[in-house]
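Q: My request is simple: use the sequences and hints to build the entire structure.
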Amino acid sequence: MNRIIDLEPKALWTQFASIAQLPHPSGCLDELRNYILKTARQHAFETLVDEAGNILVRTGEAPVLCLQAHYDMVPQKDEHVTFDFTKDSLQLRIEGDEVKATGTTLGADNGIGVAAMLALIDSSEYTDILKHTPLEFLFTANEETGMQGARKLSADWLRSRQLINLDSEEEGVLMTGCAGAVNMTASLKYKMDTAIPQGDAAVLLSLTGLQGGHSGMDIHLGRANACKLMNRFLKHVVVSFEARLGSFNSGTLRNAIPREAQAIITVPEEIVDEVIDEVRYYNDLFREEYRQSEPYLSFTAQAVQMPGALIPEEIQDDLLNAIEACHNGVWTMGEGYVDTSSNMAHVQTNAEGEAEVLLMVRSMNEERKRACASAIQSAFLLGGFRVDFAASYGAWDIEKDAPMVQKALHANPNLKLDKVHCGLECGVITENYPDMQIISVGPTIHHPHSPQESVEIPSVRKFWDFLLSFLSLTNC
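Each number in my numbering corresponds to the 1-based position in the sequence shown with 1 added.
Since the hints were derived computationally from the structure, they do not count as laboratory data. Hints are supplied without guarantee of correctness; some may be wrong.
Below are the EDC-like pairs computed for lysine to aspartate or glutamate, each with C-alpha atoms no more than 20 angstroms apart in a straight line [what the hints assert, rightly or not]:
{"id": "1", "residue 1": "Lys39", "residue 2": "Asp51"}
{"id": "2", "residue 1": "Lys417", "residue 2": "Asp402"}
{"id": "3", "residue 1": "Lys11", "residue 2": "Asp466"}
{"id": "4", "residue 1": "Lys408", "residue 2": "Glu171"}
{"id": "5", "residue 1": "Lys463", "residue 2": "Asp7"}
{"id": "6", "residue 1": "Lys192", "residue 2": "Asp318"}
{"id": "7", "residue 1": "Lys401", "residue 2": "Glu171"}
{"id": "8", "residue 1": "Lys39", "residue 2": "Glu52"}
{"id": "9", "residue 1": "Lys192", "residue 2": "Asp319"}
{"id": "10", "residue 1": "Lys39", "residue 2": "Asp123"}
{"id": "11", "residue 1": "Lys229", "residue 2": "Asp285"}
{"id": "12", "residue 1": "Lys236", "residue 2": "Glu270"}
{"id": "13", "residue 1": "Lys463", "residue 2": "Glu172"}
{"id": "14", "residue 1": "Lys236", "residue 2": "Glu315"}
{"id": "15", "residue 1": "Lys39", "residue 2": "Glu126"}
{"id": "16", "residue 1": "Lys236", "residue 2": "Asp285"}
{"id": "17", "residue 1": "Lys236", "residue 2": "Asp274"}
Computed beta-carbon distance windows for the label pairs [to be verified]:
{"id": "18", "residue 1": "Thr301", "residue 2": "Val65", "range": "53 to 63 angstroms"}
{"id": "19", "residue 1": "Val331", "residue 2": "Ala156", "range": "32 to 42 angstroms"}
{"id": "20", "residue 1": "Gly200", "residue 2": "Lys88", "range": "45 to 55 angstroms"}
{"id": "21", "residue 1": "Thr301", "residue 2": "Thr87", "range": "22 to 32 angstroms"}
{"id": "22", "residue 1": "Asn35", "residue 2": "Ser294", "range": "36 to 46 angstroms"}
{"id": "23", "residue 1": "Asp389", "residue 2": "Glu336", "range": "30 to 40 angstroms"}
{"id": "24", "residue 1": "Val65", "residue 2": "Tyr297", "range": "47 to 57 angstroms"}
{"id": "25", "residue 1": "Glu96", "residue 2": "Gly309", "range": "38 to 48 angstroms"}
{"id": "26", "residue 1": "Gly61", "residue 2": "His411", "range": "18 to 28 angstroms"}
Where a beta carbon is used, it is the ideal one built from N, C-alpha and C, also for glycine.
A: This is the structure in structure tokens:
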């Protein structure tokens, strides 16, 4: 940890190290919220907290600019790691030119943005900036679970009409647009079948070692989706080996590509060894198909205790067919960017006779978002599922000749303008503040939403230098 706080800019990295010591997965933000408030109040800055847990810090009566970041992180860990995101501190380490966390997500998304804001608030080195450039610092809550904080942001809270979102993940790129999205939930209730086929034995299937990643930023990389891959094998053994499905569980969060899956099946006892051989064959098949993107993929099987009940055959077939028919991945491309995509994030069945599938559809275009979501809805409706939509928001876009964009290019003429295929809070904020000019910047972060997450150290310094340069121009 000492090596982390010795990095430059020291004020930012010191704050990032402090943040890493405090639990802050979505929905568990009290400790970090208290730390942010304590830090701001030590300098007698005005602080406000709303019912959603959003924090607003003002350094003057007439702020001219708002800096914004979300202060929750995605809690993902490697299968073998014992870690409680609601209690434990992240174990930071330096590896080459990157900072990583051992066995878990790093929280650079959006911890670097939060650390940058706290560095400006807390460090005496930047007192003159705040004296000459009154700012608002907006820390939004629970972004990673549907942008809950931004959605509940009051339309009269912010005084400034220019905002820099600090949640982008490619240094040297000025984000001027982001995709909109909608959450989808397909659910089905049924009565479990307690009539286990006589002579059957149970087998546990485990798919592990997938890369996962951000369901927007990484959706085009060709990584395997654990829900879809497990479902592919399950349908095969149902058709070819008389398998019955006891349970199927995969994935966690809508905005993370699922990395692991487990299922329990039963098959006639005399062919258990044959089924296990088939798993070995599919392990080799999957590894060959995903040899470029999934070097650590592992698909295994082992005999387990017989479950007390099975999913009825007709429900089992409806579930597997709907998942197979459901689109996952890139839907349409723009000119060099992903335009529309979907992510099947989570499949869960339980002993009470309930199945649930969580999905997220993203798009730069409202009509194509609707079309992709409609196709997915149709696949599940045909299987008898109920399909609910929630947390929909539109895309965000700012013209390249807007004053905020031109000022950013003045601060760094080498910036590349781009749009990002993920749900930055910019799109939600503009719904309540339609006259707000917004740009988005950040350091280079690799593999967010996965335990492989890392942030490039040199990019953090460049990101910080840009931010200081922009602030120096704000009151010119």
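Q: Does 22 to 32 angstroms hold as the CB distance between Thr301 and Thr87, or does it fail?
A: holds, 30 angstroms
Q: With a cut-off of 20 angstroms on the C-alpha distance, tell me whether Lys463 and Asp7 pass.
A: holds, 17 angstroms
Q: Within a Cα-Cα threshold of 20 angstroms, do Lys401 and Glu171 meet the stated pairing?
A: Satisfied, since the Cα-Cα distance of roughly 18 angstroms is no more than 20 angstroms.
Q: Is the hinted pair Lys229 and Asp285 satisfied, with a Cα-Cα distance of at most 20 angstroms?
A: Holds. Lys229 to Asp285 sits at ~17 angstroms (cutoff 20 angstroms).
Q: Regarding the pair Lys236 and Glu315, is the alpha-carbon distance no greater than 20 angstroms?
A: The hint holds at about 13 angstroms.
Q: If you draw a straight line from the CA of Lys192 to the CA of Asp318, is it 20 angstroms or shorter?
A: With Cα atoms ~15 angstroms apart, Lys192 and Asp318 stay inside 20 angstroms; holds.
Q: Holds or violated: Lys417 with Asp402, Cα cutoff 20 angstroms?
A: Between Lys417 and Asp402 the Cα gap is close to 14 angstroms, so the pair holds against 20 angstroms.
Q: Compare the distance between the alpha carbons of Lys39 and Asp123 with 20 angstroms, and conclude whether the hinted pair is satisfied.
A: holds, 10 angstroms
Q: Would the hint linking Lys408 and Glu171 be met if the CA-CA limit is 20 angstroms?
A: holds, 19 angstroms
Q: Are Lys11 and Asp466 close enough, with their CA atoms no more than 20 angstroms apart?
A: holds, 13 angstroms
Q: Taking only the CA atoms, is the gap from Lys39 to Glu126 under or equal to 20 angstroms?
A: holds, 19 angstroms
Q: If I claimed the Cβ atoms of Val331 and Ala156 lie 32 to 42 angstroms apart, would that claim hold in this structure?
A: Hint holds: Cβ distance 35 angstroms, inside 32 to 42 angstroms.
Taken one by one, the earlier hints all hold for this structure without exception.
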